Amino acid sequence: MGEPIIRRTDVLAAVKEAGIAALVAFGLFVLLIGFRTDPGPTGALVISTRFGALAALVAVIFLIALVRALFWHRVAATVAGLVPPSLKAAASGAAPYATAAFVGFALIVPVIFYNDRYLLDLGIVIVTYAMLGFGLNIVVGLAGLLNLGYAAFYAIGAYSYALIALTFGLSFWICLPLGGALAALTGILLGFPVLRLRGDYLAIVTLGFGEIIRLILLNWQNLTGGPNGISGIPRPSFFGLPFNSAENGFAATFGLQYSPTHRVVFLYYVILALALLTNWVTLRLRRLPIGRAWEALREDEIACRALGINTTTTKLTAFAIGAMFGGFAGAFFATRQGFISPESFTFGESALVLAIVVLGGMGSQVGVAVAAAVMLGGFEFFREFSQYRMLVFGAAMVAVVIFRPRGLVSTRVPSVSLAKRKVIPASMVGEARAESPT
Amino acid sequence: MEYFVQQLINGITLGSIYGLIAIGYTMVYGIIGMINFAHGDIFMVGAFTALIAFLILVAVGVSAVPLALFLVLLIAMALTALYGWTVERIAYRPLRHSFRLAPLISAIGMSIVLQNFVQVAQGARVKPLPPLVQGGYTLLEGHDFAVRLSNIQIIVIVTMLVVMFGFSFLVARTRLGRNMRACEQDLKMAALIGIDVDRTISTTFVLGAALAAVAGLMFLLYYGVIDFFIGFLAGVKAFTAAVLGGIGSLPGAMIGGILIGLIETLWSAYFSIEYKDVAAFSILIIVLIFLPTGILGRPEVEKV
Chain X
1 MGEPIIRRTD VLAAVKEAGI AALVAFGLFV LLIGFRTDPG PTGALVISTR FGALAALVAV
61 IFLIALVRAL FWHRVAATVA GLVPPSLKAA ASGAAPYATA AFVGFALIVP VIFYNDRYLL
121 DLGIVIVTYA MLGFGLNIVV GLAGLLNLGY AAFYAIGAYS YALIALTFGL SFWICLPLGG
181 ALAALTGILL GFPVLRLRGD YLAIVTLGFG EIIRLILLNW QNLTGGPNGI SGIPRPSFFG
241 LPFNSAENGF AATFGLQYSP THRVVFLYYV ILALALLTNW VTLRLRRLPI GRAWEALRED
301 EIACRALGIN TTTTKLTAFA IGAMFGGFAG AFFATRQGFI SPESFTFGES ALVLAIVVLG
361 GMGSQVGVAV AAAVMLGGFE FFREFSQYRM LVFGAAMVAV VIFRPRGLVS TRVPSVSLAK
421 RKVIPASMVG EARAESPT
Chain D
439 MEYFVQQLIN GITLGSIYGL IAIGYTMVYG IIGMINFAHG DIFMVGAFTA LIAFLILVAV
499 GVSAVPLALF LVLLIAMALT ALYGWTVERI AYRPLRHSFR LAPLISAIGM SIVLQNFVQV
559 AQGARVKPLP PLVQGGYTLL EGHDFAVRLS NIQIIVIVTM LVVMFGFSFL VARTRLGRNM
619 RACEQDLKMA ALIGIDVDRT ISTTFVLGAA LAAVAGLMFL LYYGVIDFFI GFLAGVKAFT
679 AAVLGGIGSL PGAMIGGILI GLIETLWSAY FSIEYKDVAA FSILIIVLIF LPTGILGRPE
739 VEKV
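Chains as they are written, first to last, in the numbering used here: chain X, 1 to 438; chain D, 439 to 742.
By construction, these hints were calculated from the structure, which means they are not laboratory data. Quick caveat: nothing in here was measured; it's all calculated off a predicted structure. Careful: at least some of the hints might be erroneous.
[What the hints assert, rightly or not] Listed next, the stretches of chain D that the computed footprint assigns to chain X, with coverage defined by at least 3 CB atoms under 8 Å from CB atoms of chain X:
| # | stretch |
| --- | --- |
| 1 | 444–450 |
| 2 | 482–494 |
| 3 | 504–511 |
| 4 | 596–602 |
| 5 | 676–688 |
| 6 | 715–723 |
Built from N, CA and C at the ideal position, the CB exists for glycine as well.
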């Protein structure tokens, strides 16, 4: 107890460490922050200096490194000690109810925030990404196939809906399954040749595939409108009743005052229903033979083959079903926006969905939903600093992976168990990988 | 015929740049088996560092272009190598023993960070640089078309060759290269016989980033315009090149780079310029299906 809180040698070591960090930071930022290039009056680049900002940044990094070196282990221990064990037990006891609470909250969001159009729109975006996350979770979380081109299926769903609806005048509810089916078909078409590849190669091929689809959408001007995209996509109707102020509109039929919010609320419930459907299908599939084959495939592909599981069809179904849900989400996206262009289906989109799945804890449905809410919500939170938004997003992605590599929800409930359903740590679950660890 | 030769020259020049980036991918993948997704953005940082260093040198009065370019090359390599080191230290090393997807996600995050950092720090607009190296030689004189080999193309190709030979020497003959090859074969065993694995991996990232900086400078000189987004596409294509040549193989990376450059250039010249990237990615898919280990790669032994 008589030991001083900070020893002299500790301080010296910490100062040295912080000094090195500051030196590295100086090297990193001296050109990119210390100077700035801008086109001058003649069009040629003119250079200006920002040594103040550079010095401030290096000083901040020095201080952070110093504090970290001196106090980090203490802080970590204190924070861990702050949570009483009883609370932890209560938290794990409450876990089964968390899902119900989450879904319940999602259901009443439009009631609570009826007058806040902005929050309703945000809610729709979050649920859309949760649905995309569920869909990708089938491929990555269950079957263990790394897919970096998921946005391609999202795009195919969106463009299928837009083109079919505009060309043939079919309604949203007929086009939705068509969009999903076309996306699934594309998934199968891609899957046939590439699914014998494993792990990282598969990842890079799916990335290439995603880019191919985007480039085709961008360049096939006659069909897709190229970079201008497709606009005037029909909005969904409530069982044939359009959401407008006309005589036969939704509001007039039910004797309500017309309000544009009706459509937003309706869209919210549509996507929520779709997301819950995806979630329910995933949970049911996990208990079917095919779902178990997926999970077995994720854990050990060689053992799967030895047991006589047809790995090609198993992978193909995972790919197709994941793609189908991506297609549904895409069709919904198209009808909500009324306008789509290749801009919305870049690699960044695929990366975002993959980040949601991995950060949510692969294979955990609640985790995916929470991650979607946290990431998209955080995204909105930083809207005011829009310049720094993506910077913070990327940094947060790195930070979460480093501090919680198993995702926000790091426990799993096995799909099948003998007597009592147990919760296991996620580190016992396999993941998308190229080969068995050596 | 003349047109074809010209496209060949252009393709090899472009391919040399891809090849230089591809070496970074192939080495990192060879040793720790991860796709260093941020490598393309390291290349972009290299190009920006080179641009700013050049403008500073001009401002302080270093006006001889060859001297300025040499200094720029050194500065860009040193500072970009520091980026490579930092990225590895912050984003990958803590995840060395984590599950396989973790470093990939972290790499994607790092790629987003680098891109947006440069965008915030230097602005989103493209940065033009007037051509520094002019002139060239006319090789063939057709009736309506002359094949030209510009000086900048010579610089790019010669630099690529020099770097390639220097690097092959480093890997094949030096102690560091031996450590790298040992780590590539078996990390655990390398650690057991006393190789500092962490340091070797760090060095690999540093070397890869330095080569990316060379590629960045070449890109800047060749195209004369850069922006914060050049890293993504160049990175994906360079990775394609690494896979095409056989991942883990240095000459493979170079051959793959040149092939990708040629495919892209010839496709743009004879078919359509819009679909040149589609062609590059399609080649990647076809190669992986029929030749999964690439041209010079070793077949992967499946272990239980």
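Evaluated hints:
{"no.": "1", "hint": "444–450", "in the structure": "violated (count 0)"}
{"no.": "2", "hint": "482–494", "in the structure": "holds (count 8)"}
{"no.": "3", "hint": "504–511", "in the structure": "violated (count 0)"}
{"no.": "4", "hint": "596–602", "in the structure": "violated (count 0)"}
{"no.": "5", "hint": "676–688", "in the structure": "holds (count 3)"}
{"no.": "6", "hint": "715–723", "in the structure": "holds (count 6)"}
The structure fails to meet hints 1, 3 and 4 from the earlier list, while all remaining hints are met.
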